[in-house]
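S.K.: Chains as they are written, first to last, in our numbering: chain D, 1 to 209; chain U, 1 to 81.
Fair warning: there could be bad hints in the mix.
Simulated restraints on C-beta separations [said to hold, decoys possible]:
no.	chain 1	residue 1	chain 2	residue 2	range
1	D	Met93	U	Asn64	24 to 32 Å
2	D	Gly163	U	Lys8	46 to 54 Å
3	U	Met1	D	Ser165	24 to 32 Å
4	U	Asp5	D	Glu53	27 to 35 Å
5	U	Lys8	D	Arg52	34 to 42 Å
6	D	Tyr132	U	Cys3	26 to 34 Å
Below, a list of computed lysine-lysine pairs in the DSS-like style, where the Cα atoms sit at most 30 Å apart [unchecked claim]:
no.	chain 1	residue 1	chain 2	residue 2
7	U	Lys44	D	Lys197
8	D	Lys78	D	Lys65
9	D	Lys65	U	Lys44
Short derived list, chain D residues pointing at chain U, Cβ under 7 Å [said to hold, decoys possible]:
no.	residue
10	Val27
11	Leu70
12	Val161
13	Ser165
14	Arg188
15	Leu191
16	Phe198
Derived by calculation from the structure, the hints in this document are not laboratory data.
Note that this is a predicted model, so its numbers are computed, not measured.
Idealized CB from N, CA, C, for every residue including glycine.
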Amino acid sequence: MAIIQQNVKDTVSDEMALVNAAKAGDVSAFEQLIKRYDRNVFRIAQHITQNREDAEDVVQDAFLKAFENLEQFQGNSKFYTWLVRIAVNESLMKLRRRRTDRTVSLDEDIETEEDSMPREVADWSPNPEQLYNQGELNEILSKTINGLPASFRTVFVLRDVEGLSTEETAEALDLSIPAVKSRLLRARLQLRERLNKFFRNPKGGDGHK
Amino acid sequence: MTCSDFLKELTDYLDDTLDNSTRVELEDHLHWCHNCYVICNTTKKTIEIYRDSQLYTLPDDLRNRLETAIVSKCKGRKKSH
């Protein structure tokens, strides 16, 4: 455990060294930060915008904006959390531009029937993801999460896919911790409910202990 | 604990951030409530499937192109300052 904690400390101090070098104008130091996080930013952006071209633009715009505003990053949070905040804002702007109603907001808090206790609960196959090939599975997962409101899928992606803590997610999205928890619960339950039809056990076994 | 109470605590239970007494109550509920047992397991599985998925991975060629473009723009911005 002590070794793991030391490694985390080393990573953070190494990252601050890169940020400080980039602040002083060292583009190669910033390039290392890009290589560290561009895959994450792309994934977050595509989850929010639901559009690959927009996600490509967000990756470029978010890193460029981060580079230009590095002076404002004081190191009170992790560089990655600060970067995610920029990427989420850029993604939401793209999403609003594509929507005619332009009302996309992280404040939306929509009650649906899926939030209540399901009446019929069927268990899933033992390894449901193996029922489909990689392409089919990706399509199922993508369509399912895209059906969620932007505010729910953004919280789910940051917390459960990217592994940010509840506090980091709240900071990146400018939400309170109870708001993050409430959206996360509902996102998880709605995804579970929607995946049911793809993953439920065809033999009707209930998998009870 | 009712099923609705269980549902309210599910996220903290899955994230292992519950206090000990609530966790014990919740696990006791899971022992006899089959619906909640299945919901708990399949919600956990939902998270794992998304976490382990290959959804929206950045292909190497696109990644290289994006990195080159960003670095070049950063160098341009640096010169203009």
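S.K.: Taking the hints in turn, state whether each one holds.
M.R.: Going down the list of hints, with the structure as the test:
1. Met93(D) with Asn64(U): 24 to 32 Å: holds, 26 Å
2. Gly163(D) with Lys8(U): 46 to 54 Å: violated, 24 Å
3. Met1(U) with Ser165(D): 24 to 32 Å: holds, 27 Å
4. Asp5(U) with Glu53(D): 27 to 35 Å: With a Cβ separation near 45 Å, Asp5(U) and Glu53(D) fall outside 27 to 35 Å, so the hint is violated.
5. Lys8(U) with Arg52(D): 34 to 42 Å: Between Lys8(U) and Arg52(D), where Cβ atoms are some 37 Å apart, the hint holds.
6. Tyr132(D) with Cys3(U): 26 to 34 Å: About 31 Å separates the Cβ atoms of Tyr132(D) and Cys3(U), which means 26 to 34 Å holds.
7. Lys44(U) with Lys197(D): Within the cut-off at roughly 17 Å; holds.
8. Lys78(D) with Lys65(D): holds, 17 Å
9. Lys65(D) with Lys44(U): Judged against 30 Å, a Cα distance of about 36 Å means the pair is violated.
10. Val27: holds, 5 Å
11. Leu70: violated, 10 Å
12. Val161: holds, 6 Å
13. Ser165: violated, 9 Å
14. Arg188: holds, 5 Å
15. Leu191: This interface hint holds because 5 Å falls under the 7 Å limit.
16. Phe198: Check failed: Cβ of Phe198(D) comes no nearer than 10 Å to chain U, outside 7 Å.
In the structure shown, a violation is registered for the earlier hints numbered 2, 4, 9, 11, 13 and 16, in ascending order.
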